[in-house]
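Participant: Here is how the chains run, residue by residue.
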Amino acid sequence: MSKSIIIDPITRISGFLEITANLEKNEVADVETSGLLYRGFEKILEKKPPLDAVFLTERICGICSAAHSIASSMAIENALEIKVDINDMYLRDIIHGFEFIQNHLRQFYLFTVPSYVRLPHVSPLYQNDYTDYRIPEKIEKVISDNYIKGIEMSRLAHEGEAVLGGKAPHNHGVFPGGVTTTIDSYKISKVKSIIKSLSEFISNNMMEDMDIISDYYSDYFKKGKSYNNFLSFGVFNNYNEEDITYIKSSVIIEGKYNEFSKDKISEDIRYSYYEDGKVNLDKENSYTFIKAARYDGLPMEVGPLARLILSGEYIMRSSCMDRNRARVIETEKIINIMDKMINRVKIMENNQGIYNFEGSLIGFGLTDTTRGALYHSIEIENSIIKRYNIITPTVWNLSPKGSDGVYGTVEKSLMGTKINDMKNPVEIGRIVRSYDPCVSCATHVLNRDYRACT
Amino acid sequence: MDNITDKMFNDAKDIIGKNNEKKLKGIWLEAAGCSGNIISFLNGENPGLMYALTSLIDLKYSNTLMANEGERAYEKFLSTLNGDFILIVDGAISTIEDGKYNIIANYKGKRITALEAALRAGEKAKFVMAAGTCASFGGVSAASPNPSGSKSISEVLKRSVINLPGCPCHPDWVIGVLAHIISYGMPHLDELNRPVMFYGSTIHDNCTRRGYFEKKIFAKKLGEKGCMFKLGCRGPVTKADCPRRKWNGYVNWPIGNNSPCIGCAQPNFPDKMEPFVRY
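From first to last, the protein sequence lines are chains Y and G. The first sequence: position 325 = 325 (the working numbering), numbered continuously. Every position in the second sequence, counted from 1, becomes a number in the working numbering once 454 is added.
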């Protein structure tokens with residue numbers, strides 16, 4: 001007998017997501033992921049002054065806004081052929097690093113933990129719907145304590161971002177040419193001190209909490225498998241030294257390494273609410289505002305697990321719990337990189353330039369960020385933005401089916417999932433959240449040249 | 455050392471037992487925006503999030519924070535409508551095609567738009583707070599050509615709203631207004647319904663670089679000392695207490711980081727505040 005389950009809202013993510021699953025014999029036999037917010041950001045960017053893109057694109061997302069300021073600055077630097085000084089690169093990467101730490105702490109404690117651990121009776125953190133809580137009460141209390149510390153630690157990570165970037169979210173520090181920040185000894189020691197506090201909590205508490213959850217829910221290493229296709233645009237990758245390098249742009253297709261080329265990126269709108277360059281909610285079989293991003297025609301997984309697999313630091317295996325673990329392992333890796341990087345920062349005069357936009361210009365900004373691969377491209381004409389295209393990490397993971405009918409990455413992870421208790425289909429939310437989806441980010445408009453993004 | 459959870463649990467019980475009548479029920483409704491105002495709220499410090507949840511607001515619904523999901527989450531929204539509560543709106547309200555560009559829930563097979571939720575809750579709420587510029591004035595979500603037909607919550611509800619513009623909204627502004635409401639009722643608002651205690655003067659009035667302006671020392675590019683008025687700084691027209699309050703543990707603010715105020719707390723941000731930087 002077939003039965004349909006709709007979960008909307010998938011809470012504890014950024015933005016609005018609906019999952020519709022059709023079940024046969026309690027197993028997911030068909031599924032649709034629907035991103036249900038549209039703001040048309042790329043349309044808003046048209047005709048704006050190019051430098052304003054840095055401040056505007058940040059406001060795509062409240063939890064990963066520094067990433068957009070970096071990608072848009074990179075696109076403008078690419079268009080104007082500006083070279084960024086290494087000291088500025090360090091500072092920008094440390095700002096980005098603080099955003100990673102903030103995001104991963106919040107994603108783990110505020111978004112992931114409540115699916116596995118009963119929290120104190122404080123509304124709206126407590127619930128009694130889930131029937132599948134397995135961790136003994138005494139241990140739950142320890143993790144609950146860390147939940148509260150995690151709130152303070154993620155706040156502290158944003159404070160670190162603000163020391164170098166003015167404020168967070170929506171920083172005023174990352175800018176074409178590097179950063180606007182004037183660095184001094186006090187700021188460096190403040191950043192070092194914040195990194196130390198974060199590092200202790202991540203290594204001592206967060207890692208252990210992840211281990212406990214992995215132990216009690218070990219069956220989730222067998223749930224939520226995606227394709228063996230992984231993509232990264234690279235991050236913390238501008239240096240020759242290994243101790244401050246994470247990952248270069250790289251791709252694995254069906255388990256094998258391939259050479260990365262941005263020309264192989266495309267977007268498909270067969271199942272998205274777009275037609276003839278406009279929104280059409282009544283388009284046949286359409287079910288989401290998110291476009292289907294494809295690499296060489298294939299759906300890809302992006303994010304912490306993809307990065308660790310691509311950099312050879314994790315076994316090539318995807319699942320709900322592997323994804324959760326990878327995010328926590330990566331948190332420790334990034335705080336260690338930041339710790340090494342801040343020691344290399346020199347006290348120098350700010351070196352911002354004056355930027356003018358003459359003639360026709362085009363630029364690309366590709367970087368990995370908290371949730372995976374982020375793509376910005378800008379076309380400038382007569383000193384204003386002619387066209388802007390953004391492909392966010394969530395557009396990869398939460399993509400709908402393509403024209404070929406092949407499921408998007410999260411959809412693939414849900415297919416075949418066995419639901420133990422039909423009244424409490426906890427498996428779906430747990431698997432979806434392991435991707436840390438951000439639907440706020442995935443709000444797009446169809447560009448005229450949607451097929452090739454080059 | 456006391457177990458934090460035990461302590462919090464007892465604190466919460468005390469509050470429920472002693473002065474629950476003082477804690478206001480609340481709905482935090484995320485709509486068309488970046489969800490940056492709830493993230494900024496999580497950055498609150500002394501009082502921070504746990505103090506707010508245990509002492510100031512009995513928060514029933516928040517897409518970002520709540521443990522429940524699906525219909526049970528939306529039922530928390532519905533059950534809060536019967537009784538006194540504050541509606542906090544984070545984001546603009548998308549109105550195009552009856553609000554279908556922004557779905558917040560699916561209840562018994564019917565999709566609930568943010569517009570519908572805002573109207574239902576806004577009609578019954580004792581107080582409505584707009585957290586951030588999108589909810590207060592439309593903000594970036596309503597930027598030209600406004601593809602989603604985004605509007606401020608006051609335009610949609612046609613009732614008085616406490617506007618807390620800023621992109622994002624400073625956590626102290628939210629906490630401060632909640633505390634004021636609980637103890638003293640409505641705070642004193644200006645002509646744009648902003649609390650005077652936070653929006654009483656312009657950035658320029660209290661700017662740390664005001665001295666440069668008086669001496670006519672102007673920065674020619676970002677990163678330089680000097681007043682950034684000639685680089686396009688919107689401090690002279692923007693009302694907010696950023697220069698004195700600062701952000702994120704009170705460590706820094708945009709002008710403190712050598713970049714101009716972009717007027718993010720003003721009506722008509724971003725369209726009428728552009729270009730943000732000019733040389």
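None of these hints come from the bench; they were simulated from the model. Since the structure is predicted, the reported quantities are computational estimates derived from the model, not experimental observations. Careful: at least some of the hints might be erroneous.
To be verified - For lysine to aspartate or glutamate, the following EDC-like pairs were computed, each having C-alpha atoms within a straight-line distance of at most 20 Å:
#, chain 1, residue 1, chain 2, residue 2
1, Y, Lys340, Y, Glu152
2, Y, Lys222, Y, Asp85
3, G, Lys554, Y, Glu152
4, Y, Lys187, Y, Asp339
5, G, Lys684, G, Asp644
6, G, Lys564, Y, Glu32
7, G, Lys554, Y, Glu46
8, G, Lys726, Y, Asp129
9, Y, Lys283, G, Asp552
10, G, Lys726, Y, Asp339
11, G, Lys675, Y, Asp339
12, G, Lys700, Y, Glu284
13, Y, Lys346, G, Glu678
14, Y, Lys149, G, Asp552
15, G, Lys514, Y, Asp85
16, Y, Lys43, G, Glu525
17, G, Lys675, Y, Glu46
18, Y, Lys412, Y, Glu152
19, G, Lys564, Y, Asp282
20, G, Lys693, G, Glu678
21, Y, Lys418, Y, Asp404
22, G, Lys554, Y, Asp421
23, Y, Lys340, Y, Asp211
24, Y, Lys190, G, Glu499
25, G, Lys562, G, Asp512
26, G, Lys700, Y, Glu32
27, Y, Lys196, Y, Asp339
28, G, Lys562, Y, Asp421
29, Y, Lys283, G, Glu551
30, Y, Lys278, G, Asp659
31, G, Lys562, G, Asp538
Participant: Now, for every hint given, state plainly whether the structure supports it.
Facilitator: Now for the hints, and whether the structure bears them out:
no. : hint                 : verdict
1   : Y/Lys340 to Y/Glu152 : 23 Å, violated
2   : Y/Lys222 to Y/Asp85  : 46 Å, violated
3   : G/Lys554 to Y/Glu152 : 36 Å, violated
4   : Y/Lys187 to Y/Asp339 : 14 Å, holds
5   : G/Lys684 to G/Asp644 : 29 Å, violated
6   : G/Lys564 to Y/Glu32  : 16 Å, holds
7   : G/Lys554 to Y/Glu46  : 24 Å, violated
8   : G/Lys726 to Y/Asp129 : 48 Å, violated
9   : Y/Lys283 to G/Asp552 : 17 Å, holds
10  : G/Lys726 to Y/Asp339 : 41 Å, violated
11  : G/Lys675 to Y/Asp339 : 31 Å, violated
12  : G/Lys700 to Y/Glu284 : 50 Å, violated
13  : Y/Lys346 to G/Glu678 : 18 Å, holds
14  : Y/Lys149 to G/Asp552 : 42 Å, violated
15  : G/Lys514 to Y/Asp85  : 49 Å, violated
16  : Y/Lys43 to G/Glu525  : 34 Å, violated
17  : G/Lys675 to Y/Glu46  : 25 Å, violated
18  : Y/Lys412 to Y/Glu152 : 36 Å, violated
19  : G/Lys564 to Y/Asp282 : 16 Å, holds
20  : G/Lys693 to G/Glu678 : 24 Å, violated
21  : Y/Lys418 to Y/Asp404 : 26 Å, violated
22  : G/Lys554 to Y/Asp421 : 32 Å, violated
23  : Y/Lys340 to Y/Asp211 : 26 Å, violated
24  : Y/Lys190 to G/Glu499 : 18 Å, holds
25  : G/Lys562 to G/Asp512 : 26 Å, violated
26  : G/Lys700 to Y/Glu32  : 44 Å, violated
27  : Y/Lys196 to Y/Asp339 : 8 Å, holds
28  : G/Lys562 to Y/Asp421 : 19 Å, holds
29  : Y/Lys283 to G/Glu551 : 14 Å, holds
30  : Y/Lys278 to G/Asp659 : 45 Å, violated
31  : G/Lys562 to G/Asp538 : 26 Å, violated
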